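**Q** Quick note: the sequence shown uses this note's numbering, first residue 13, plus one each step.
Treat the hints loosely; a few may be bogus.
What the hints assert, rightly or not - DSS-like, lysine-lysine: derived pairs with alpha carbons at most 27 Å apart:
| # | residue 1 | residue 2 |
| --- | --- | --- |
| 1 | Lys287 | Lys232 |
| 2 | Lys287 | Lys68 |
| 3 | Lys276 | Lys287 |
To be verified - Okay, the calculated beta carbon distance ranges per label pair:
| # | residue 1 | residue 2 | range |
| --- | --- | --- | --- |
| 4 | Gly220 | Ala82 | 49 to 57 Å |
| 5 | Asp76 | Gly218 | 46 to 54 Å |
| 6 | Glu277 | Gly61 | 30 to 38 Å |
| 7 | Gly218 | Glu70 | 26 to 34 Å |
| 8 | Glu219 | Ala175 | 22 to 30 Å |
| 9 | Thr190 | Glu53 | 31 to 39 Å |
FYI, nobody ran anything at the bench for these hints, they're computed from the structure. Being a predicted model, the structure only gives us computed values, none of them experimental. Every residue gets a Cβ at the ideal spot worked out from N, C-alpha and C, and that includes glycine.
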Amino acid sequence: MAAIGTVGVIGAGTMGNGIAQACAVAGIDVVMVDVGDAQLERGRSAIAGSLERLVKKEKLSAGDRDAALARVRTATDYAALARAGLVVEAATENPSVKFDILRKVDALVGDDAILATNTSSISITQLGAVLKRADRFVGLHFFNPVPMMALVEVIRGLATSEATVDAAGAFARALGKTPIVVRNSPGFVVNRILCPMLNEAIFLYGEGVASAQEIDDGMKLGCNHPIGPLALTDMIGLDVLLAVMQVFHADFGDDKYRPAPLLKEMVAAGWLGRKSGRGFYTYAK
Numbered sequence: 013m014a015a016i017g018t019v020g021v022i023g024a025g026t027m028g029n030g031i032a033q034a035c036a037v038a039g040i041d042v043v044m045v046d047v048g049d050a051q052l053e054r055g056r057s058a059i060a061g062s063l064e065r066l067v068k069k070e071k072l073s074a075g076d077r078d079a080a081l082a083r084v085r086t087a088t089d090y091a092a093l094a095r096a097g098l099v100v101e102a103a104t105e106n107p108s109v110k111f112d113i114l115r116k117v118d119a120l121v122g123d124d125a126i127l128a129t130n131t132s133s134i135s136i137t138q139l140g141a142v143l144k145r146a147d148r149f150v151g152l153h154f155f156n157p158v159p160m161m162a163l164v165e166v167i168r169g170l171a172t173s174e175a176t177v178d179a180a181g182a183f184a185r186a187l188g189k190t191p192i193v194v195r196n197s198p199g200f201v202v203n204r205i206l207c208p209m210l211n212e213a214i215f216l217y218g219e220g221v222a223s224a225q226e227i228d229d230g231m232k233l234g235c236n237h238p239i240g241p242l243a244l245t246d247m248i249g250l251d252v253l254l255a256v257m258q259v260f261h262a263d264f265g266d267d268k269y270r271p272a273p274l275l276k277e278m279v280a281a282g283w284l285g286r287k288s289g290r291g292f293y294t295y296a297k
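Sequences and hints are given; from them, build the entire structure.
**A** Written out as structure tokens, the structure is:
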């Protein structure tokens with residue numbers, strides 16, 4: 013398999029710009045693609061702001077900051093991905109959106125290119141089935157915030173080749189990350205454990221067992237978690253957690269994965285956490 017070379021990232025949101033930043037800091041040229049210039053400008057500004065914070069903390073030199081920013085190109089045309097050796101799809105967690113994106117990219121890139129998805133819950137086998145080269149398709153699940161989090165889950169679909177898994181692991185290590193290789197299964201490893209725990213914390217809160225702060229303090233002080241489950245849900249987004257739990261509930265057919273009623277009600281109310289200004293806590297916009 014050819015060297016990866018330039019990396020394409022589809023989606024300039026939180027995960028997409030984080031993956032692009034990680035690549036650029038590691039010395040890898042990256043093309044970040046999104047549907048409009050406004051989205052790309054926000055993504056590039058987020059990268060610039062994150063790099064500037066690293067400079068202020070003396071974790072990155074000003075010269076390295078400038079060099080990293082120079083490695084990030086942006087485009088609204090998928091044709092910019094034609095020469096990429098690896099393309100990571102980091103669009104919204106919606107199967108039909110991902111199917112459409114992956115088909116477009118599959119028709120553009122070279123035969124040696126690897127296609128990857130950053131999905132947190134959707135089947136790698138299902139997504140790969142729409143591609144003409146499913147053996148070169150793999151899950152690369154990064155964690156938020158990407159520049160700081162050390163883990164990448166490398167998810168093998170039914171058709172994913174061993175060479176593709178090896179190349180994906182090598183790419184993760186080139187970014188300074190630690191990969192774990194997991195078999196395709198809803199939620200993979202981390203979210204399979206994490207999301208039901210967050211959902212259970214919402215059940216507790218909805219039943220009035222304890223206040224949000226007491227639930228969070230209990231997990232921080234009793235389990236040494238750096239952040240409580242309800243505050244973490246606010247950070248992730250209640251809509252994101254609901255989508256993941258709905259996938260678990262449908263795919264496993266087990267009621268232990270049913271979303272908490274309060275979670276569904278809060279999403280319906282638009283109380284999505286930090287991004288909306290209100291979740292289990294309130295936030296200044």
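**Q** Look at each hint and say if it fits the structure.
**A** Structure-based check of all given hints:
For the hint linking Lys287 to Lys232, the alpha-carbon distance of about 23 Å falls within 27 Å, and the restraint holds. Distance check on the hinted pair: Lys287 and Lys68 sit about 25 Å apart at the alpha-carbon level, within 27 Å; holds. For the hint linking Lys276 to Lys287, the alpha-carbon distance of about 17 Å falls within 27 Å, and the restraint holds. The supplied range of 49 to 57 Å is met by Gly220 and Ala82, whose beta-carbon atoms lie about 54 Å from each other.
Checked against the given bound of 46 to 54 Å, the beta carbons of Asp76 and Gly218, roughly 47 Å apart, stay inside it. For the hinted restraint 30 to 38 Å between Glu277 and Gly61, the CB-CB distance of approximately 34 Å keeps it satisfied. Checked against the hint of 26 to 34 Å, the C-beta distance between Gly218 and Glu70 comes to roughly 44 Å, which is inconsistent with it. For the pair Glu219 and Ala175, the supplied restraint of 22 to 30 Å is violated, since their beta-carbon distance comes to about 50 Å.
In this structure the hint that Thr190 and Glu53 lie 31 to 39 Å apart at CB holds, the actual value being about 32 Å.
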